[in-house]
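Colleague: Model the full assembly from the supplied sequences, consistent with the hints where possible.
Protein chains in written order, with this note's numbering: chain A, 1 to 463; chain B, 1 to 225.
Hints were generated in silico from the structure; no laboratory data involved. In this text, a Cβ means the ideal position worked out from N, Cα and C, and glycines have one as well. Wrong hints could be hidden among the right ones.
[What the hints assert, rightly or not] A few chain B positions that, by computed beta-carbon distances, are all more than 12 Å from chain A: (1) Lys152; (2) Val193; (3) His194; (4) Cys220.
[What the hints assert, rightly or not] DMTMM-like mimics (lysine to aspartate or glutamate), calculated; alpha carbons at most 20 Å apart, straight line: (5) A:Lys407 x A:Glu374; (6) B:Lys101 x B:Glu113; (7) B:Lys101 x A:Asp286; (8) A:Lys370 x B:Asp192; (9) B:Lys101 x A:Glu330; (10) B:Lys152 x A:Asp446; (11) A:Lys337 x B:Asp192; (12) B:Lys152 x A:Glu327; (13) B:Lys152 x A:Glu330; (14) B:Lys101 x B:Glu177; (15) A:Lys370 x B:Asp185.
[Stated by the list, open to error] Covered stretches of chain A, as calculated for chain B (at least 3 residues, CB under 8 Å): (16) 263-275; (17) 326-340.
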Amino acid sequence: MPLSKLQALRLLRATSTRLALLNGAAFAFGFAVLLVLMVWLADRFMTDQLAESLDAEMQILVADMEIDGPEALRLLLGLRLAEQRSNHVRIYRLEPADGQGAIGNLPQWPQHAPAAGRNFELDSLHHPGQTQVLARWEQLSDGSRLLVGFDEIELREVRRKLRQAALYGFSALLLVSLIGGVLLTRAALRPVEAIRRSAERIMRGELDHRIPLRNTGDEIDRLGETLNAMLDEISRLITAVQGATDSIAHDLRSPLTRHRARLEVARGTSPPSLSQWPGWIQQNLDDIDHVLETFQALLRIASIDSGALRSAFESFDLVPLLRDAGEFVEPLLEERKLELQLQLPPRLLIHGHRHLLFQVVLNLLDNAIKYIPEGSRIRIAANATAQGIALSVCDNGPGIAAEDREKVFSRHYRGDPARHSTGLGLGLSLVRSVATLHLGSVCITDAGPGTCVTLSLPLFPRE
Amino acid sequence: MRVLTVEDDEEIARFLQKGLSTAGHVVDLANNGRDALFLATGERYDAIVLDRMLPQMDGLTLLTALRGTGDSTPVLLLSALGSVDERVRGLRAGGDDYLVKPFALSEVLARLEAITRRTPKTGVEPCLRVADLELDRLAHTVHRGTQLLTLKPQEFRVLEFLMRHAGQVVTRTMLLEGVWDYHFDPQTNVIDVHISRLRAQIDREPLPPLIHTLRGVGYCLRAPQ
Chain A
1 MPLSKLQALR LLRATSTRLA LLNGAAFAFG FAVLLVLMVW LADRFMTDQL
51 AESLDAEMQI LVADMEIDGP EALRLLLGLR LAEQRSNHVR IYRLEPADGQ
101 GAIGNLPQWP QHAPAAGRNF ELDSLHHPGQ TQVLARWEQL SDGSRLLVGF
151 DEIELREVRR KLRQAALYGF SALLLVSLIG GVLLTRAALR PVEAIRRSAE
201 RIMRGELDHR IPLRNTGDEI DRLGETLNAM LDEISRLITA VQGATDSIAH
251 DLRSPLTRHR ARLEVARGTS PPSLSQWPGW IQQNLDDIDH VLETFQALLR
301 IASIDSGALR SAFESFDLVP LLRDAGEFVE PLLEERKLEL QLQLPPRLLI
351 HGHRHLLFQV VLNLLDNAIK YIPEGSRIRI AANATAQGIA LSVCDNGPGI
401 AAEDREKVFS RHYRGDPARH STGLGLGLSL VRSVATLHLG SVCITDAGPG
451 TCVTLSLPLF PRE
Chain B
1 MRVLTVEDDE EIARFLQKGL STAGHVVDLA NNGRDALFLA TGERYDAIVL
51 DRMLPQMDGL TLLTALRGTG DSTPVLLLSA LGSVDERVRG LRAGGDDYLV
101 KPFALSEVLA RLEAITRRTP KTGVEPCLRV ADLELDRLAH TVHRGTQLLT
151 LKPQEFRVLE FLMRHAGQVV TRTMLLEGVW DYHFDPQTNV IDVHISRLRA
201 QIDREPLPPL IHTLRGVGYC LRAPQ
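Modeller: In structure tokens form, the structure reads like this:
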């Protein structure tokens, strides 16, 4: 079903968007985890820090009292109270044992204060409702109580700024990763779009068009290569089918015309006499049989050319097959006083189509037997080569003229048109098809004098 | 013989019916798979001639169904599909022989005879005998009367095939399929030459000939009347 350009573009966009989103989401998640962890750690660090500062301050004040006495402590507290800043608020209250003459910026002793030396939270005096004050108190040696508190306003401010920074950073990163992702996937999917466009052109009938390759060797380039190879194979098959159709038309038309003419003559001007009748019928039957045989042979070549028969390949020894073929034609050789020589190794393993190779050898022998004079010699030779197997059928007959050597493989060639042979003129054509099926080749050379047809077959034809 | 012929092409069906009746067989016709299965399971036939491509029920499906009921009536398959693979499929489904269209009537008759005579022998008899011709499979010898004949291995195999089907018509394609272990098209009259060489050995004057040629059909090896 052909996709419209718009639909296809939308699909592509959807794919790329999805990829970009997925990529962005994964990235954002990772970054968010990192940020939360960082903020949480900083928060904890600052809270600990505040507690430590409170502890240190308390120790300083207690030490001051121990060393310099209550008056010095009062003086120091006075100094401390004077240097308060808005974001650095501290709370002090020194209360003598009798509760009279307390100093400090905390108006009264908190009611819920726990035992001495333990940290607790107080409501902030300066920022009520917004922050808390971390506080603790100690009993001093003269019986008075000292309370110190640090407002958490500073901590709160830093925490807020940290969170804000994290949020901004996160947003910026999300944006960058999304845009980058979209651009990246777009770039990665552009070759896919190119392949789609090529496919569309081929669908529109430009059968020779191929997917442009960028020679980067990446997966998409390799996909393009494979698709191109597939397209080549398809057009080869189309050509083969067309060739077969042409051959069928060519080969069947003339005998059918002959047949028709004979019937027409029989109906009209000169019907066969009663004594001619059996012969006449036989003639017509022979004609039809010839048509059917030709048809079958052409179909066979077409099916070989399609390459589907490779599924029937098996491994076997070629030597007995060659001996069988020689034995099969022996009566014909004897009839024409020909001599057959076999030059074969003891064993020659091959991976191929057993029945077709037998037919090939038979066709080659048949050709030789038909075209060489009585008393000549035919030689079947086979041996292993670096590329695989070389199989040749040679004779010492008249040979084939160099300019005709390629022509004999075409579907309708007959060596000598004057000579009536029973063959269909398809013998060598089939030989070539079978060689191609085995990914091998066939060539005709001069055996000086004579003809040598050699098949070169790879040992293990790989697709 | 009572033969069920399953063929949807009316003209071919009539041609088969006429040919088989002329040869002395009783023919029932079915033109689709369902009728054929009904007839085949309800009646007793000596053989079935079955077209592969049928309306309603494919020939192979019908054959598989028939064999599934335990019916072992010999079946000759007819088909326009002639590749080796198709042939193998046909025989695997339970067909006894496979004939590619177009076919000669004589070929159908010869093959029907061959598949109905095929007896399920367990062991292979060491000796085949027709009149005074004797073939020993184990010793690999052939005698005509007291005369020992020297045959080439190939001639021996051809003769063995003919003797196994003694009294039956053996067509050229049956010989090709039965004697040589390759599926191929000889393209020439080489089979005739093989037979004539064999005949020169066996039917020497003035002995009565055993191998007979049936023009346009094939060969028959039989004892003289």
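Colleague: All the hints need checking, so say for each whether the structure fits it.
Modeller: Hint-by-hint comparison with the structure:
For Lys152 (chain B), the non-interface assignment is contradicted: its Cβ lies about 8 Å from the closest Cβ of chain A, within the 12 Å cut-off. Listed as outside the interface, Val193 (chain B) is inconsistent with that label: its C-beta sits roughly 4 Å from the nearest C-beta of chain A, within the 12 Å cut-off. The claim that His194 (chain B) is not at the interface with chain A is violated, since a C-beta of that chain comes within 12 Å of its own (minimum 5 Å). No beta-carbon of chain A is positioned within 12 Å of the beta-carbon of Cys220 (chain B); the least distance is around 20 Å.
For the hint linking Lys407 (chain A) to Glu374 (chain A), the alpha-carbon distance of about 25 Å lies beyond 20 Å, and the restraint is violated. A distance of roughly 19 Å separates the Cα atoms of Lys101 (chain B) and Glu113 (chain B); the hinted pair therefore holds under the 20 Å criterion. Only pairs whose Cα atoms come within 20 Å are accepted, and Lys101 (chain B) paired with Asp286 (chain A) is accepted, the gap being roughly 16 Å. For the hint linking Lys370 (chain A) to Asp192 (chain B), the alpha-carbon distance of about 16 Å falls within 20 Å, and the restraint holds.
Of the supplied pair hints, the one linking Lys101 (chain B) and Glu330 (chain A) is violated, its CA atoms being roughly 31 Å apart against a limit of 20 Å. For a cut-off of 20 Å, the pair hint linking Lys152 (chain B) to Asp446 (chain A) is broken: about 34 Å separates their Cα positions. Proximity of Lys337 (chain A) to Asp192 (chain B) is assessed by CA-CA distance (about 17 Å); at most 20 Å being required, the pair is judged to hold. Under the criterion of a C-alpha separation no larger than 20 Å, the hint pairing Lys152 (chain B) with Glu327 (chain A) is consistent with the structure, at around 10 Å.
Proposed proximity of Lys152 (chain B) and Glu330 (chain A) is supported: the alpha carbons are some 11 Å apart, at most 20 Å. Pair hint Lys101 (chain B) plus Glu177 (chain B) holds up; C-alpha atoms about 16 Å apart against a cutoff of 20 Å. Among the hinted pairs, Lys370 (chain A) with Asp185 (chain B) is consistent with the structure: their alpha-carbon atoms are about 16 Å apart, no more than 20 Å. Counting residues of the region 263-275 of chain A whose C-beta sits closer than 8 Å to any C-beta of chain B gives 0, which falls short of three, so the coverage hint is violated.
Closer than 8 Å: that is the beta-carbon criterion, and the region 326-340 of chain A has 8 residues meeting it against chain B, so the requirement of 3 holds.
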